[in-house]
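Line by line, the protein sequences are chains E and R. Okay, so the first sequence: first residue is 446 according to our numbering, each after it adds one. Okay, so the second sequence: first residue is 446 according to our numbering, each after it adds one.
Hints are computed from structural coordinates only; laboratory data are not their basis. Here the structure is a predicted model, which means the values were calculated and not measured. Take these hints with a grain of salt, some might be off.
It does not matter which identical chain is meant; a pair holds if it fits inside one copy or across any two.
[Claimed, not checked] As a list, the in silico SDA-like pairs of lysine to any residue whose alpha-carbon atoms are at most 25 Å apart:
#1 602 x 685
#2 467 x 631
#3 602 x 684
#4 455 x 552
#5 602 x 634
#6 602 x 537
#7 602 x 666
#8 602 x 687
#9 602 x 587
#10 602 x 540
#11 602 x 645
#12 602 x 688
#13 467 x 585
#14 602 x 650
#15 602 x 686
#16 455 x 548
Each chain is listed here by its residues.
2 protein chains.
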Amino acid sequence: MPASDSTAVKLLTLARDLQRRKARERQYRFVAEGLRTVEMLLASPLEVAGLLVTASLREDDRGRALLAMAEAREVPLVEVSEAELASAADTETPQGVLAVAAIPERRLAPPSGPARYLVLDALQDPGNVGTVIRTAAAMGVTATVALPGTVDVWNAKVVRGSMGALFHHPVVMMSWEDFGRFVETAGVELWAADLAGVPLPSVSSADCPERLGMVVSNEGAGLSPHVAAAVTRTVHIPMAPEVESLNVAVATGILLYALRVASSSSQSS
Amino acid sequence: MPASDSTAVKLLTLARDLQRRKARERQYRFVAEGLRTVEMLLASPLEVAGLLVTASLREDDRGRALLAMAEAREVPLVEVSEAELASAADTETPQGVLAVAAIPERRLAPPSGPARYLVLDALQDPGNVGTVIRTAAAMGVTATVALPGTVDVWNAKVVRGSMGALFHHPVVMMSWEDFGRFVETAGVELWAADLAGVPLPSVSSADCPERLGMVVSNEGAGLSPHVAAAVTRTVHIPMAPEVESLNVAVATGILLYALRVASSSSQSS
């Protein structure tokens, strides 16, 4: 539905403000940019406060289909100039559309059966964090935990990089104290990747605990002290000697894939 | 060694020119940017034509160590202003250093034993291609083949994303006709990832041919027709139903890891 003039001004101002983490934390809102991301947002159960669109969006079928989805959900639509859209966008190419939506409230539920968590220990690069979240969702992880030092997962670059995974996969930002308590209460074993660890291919299904949290950290920086003290096992991905490390999203993909294969073979045996 | 004034002007002009693919193809030279990348370049056997550096590089130990490495290799050093460096750089943060180096001549050698190739079928995103090459090197792939439609692998963003892997891992850009002939002559079996393929965890060591080329393509775009016609088997990475696809670098990591594990278990049995 077309928004009134005052709503239009407010939505543009709000979207610009939400570029800052503090504003997102105060407003419980975030910005999603680009066609694919906004399509997935509109298909998700998340509450969408409004869309900023440019006239160019009506020029092709995909843009018109997106507008129809928004109309069907009764999401307020505000038409702005390319320059206004760019002023609220974090990426260079918002593709004529930007949405403001509510950050869903998410907590870690005590697991009733087997559970897999991915734990981000001070992961800073937003593109990597987005890809990591997309990977965790694809590999069927129960939830992803973002510990302090990790980029705000509602940053527009993370939202875009997650390719919609953030809209359904639970990602919880929490302090080490709170997560440490959860790990203890829920009986979660924490593992991490480390060059000195057990080679990943020799981890058998019998080694995999029912409730496992896999910690990944910044390349080079290593684990933060609290986390390192709580980790009970380290594993490593065998690599050619000329290569020092893998990209963190690639390493996460391999770790989660290998653990998924090991766990499913334990269920079938 | 400090360069003469005319060398200085020439190197800066050359570096700017090398931002274009055509210039790289004509000059057989490329640009490497940033501390880590230039460190790895200087540690590699590649011929380095010269370094552009800013005064700020001398301000810390790491910068001074890099300059010492360059002096030891008798690489011409040209001091430029921050603005001049930025004018020749592709990335936003060249960190005070940029190198011009020779593109190594690389061909596919006929394999004498087992071999693994990674085949990039029209992969366009330079960041992804850099990460994919780094991953291929880490997973011990024999060589990576970049088919037409793939971004020039000597693009500065690919060079940076490969984290030095391009300096030792052979990456060969070739036409489908040339690669198709190589595949036939060398007895390489081509596999690709596809949702309709065999689930990856059920691929056994007995299934893996001695010489295997794993094809990865642009998400969404699928294989190009020539390649599709030559592929003899497709495999897929099992994923949660809510997720459509993985990032191509993550998918490549999982595919190469799983094939490596399958092959090594066949060698040990």
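Each hint, compared with the structure:
no. : hint      : in the structure
1   : 602 x 685 : between (32 Å within a copy, 23 Å between copies)
2   : 467 x 631 : neither (31 Å within a copy, 59 Å between copies)
3   : 602 x 684 : between (30 Å within a copy, 23 Å between copies)
4   : 455 x 552 : neither (30 Å within a copy, 59 Å between copies)
5   : 602 x 634 : neither (31 Å within a copy, 39 Å between copies)
6   : 602 x 537 : both (11 Å within a copy, 17 Å between copies)
7   : 602 x 666 : both (22 Å within a copy, 23 Å between copies)
8   : 602 x 687 : between (32 Å within a copy, 21 Å between copies)
9   : 602 x 587 : within (23 Å within a copy, 35 Å between copies)
10  : 602 x 540 : both (14 Å within a copy, 23 Å between copies)
11  : 602 x 645 : neither (31 Å within a copy, 31 Å between copies)
12  : 602 x 688 : between (28 Å within a copy, 19 Å between copies)
13  : 467 x 585 : neither (31 Å within a copy, 44 Å between copies)
14  : 602 x 650 : neither (36 Å within a copy, 40 Å between copies)
15  : 602 x 686 : between (33 Å within a copy, 24 Å between copies)
16  : 455 x 548 : within (18 Å within a copy, 53 Å between copies)
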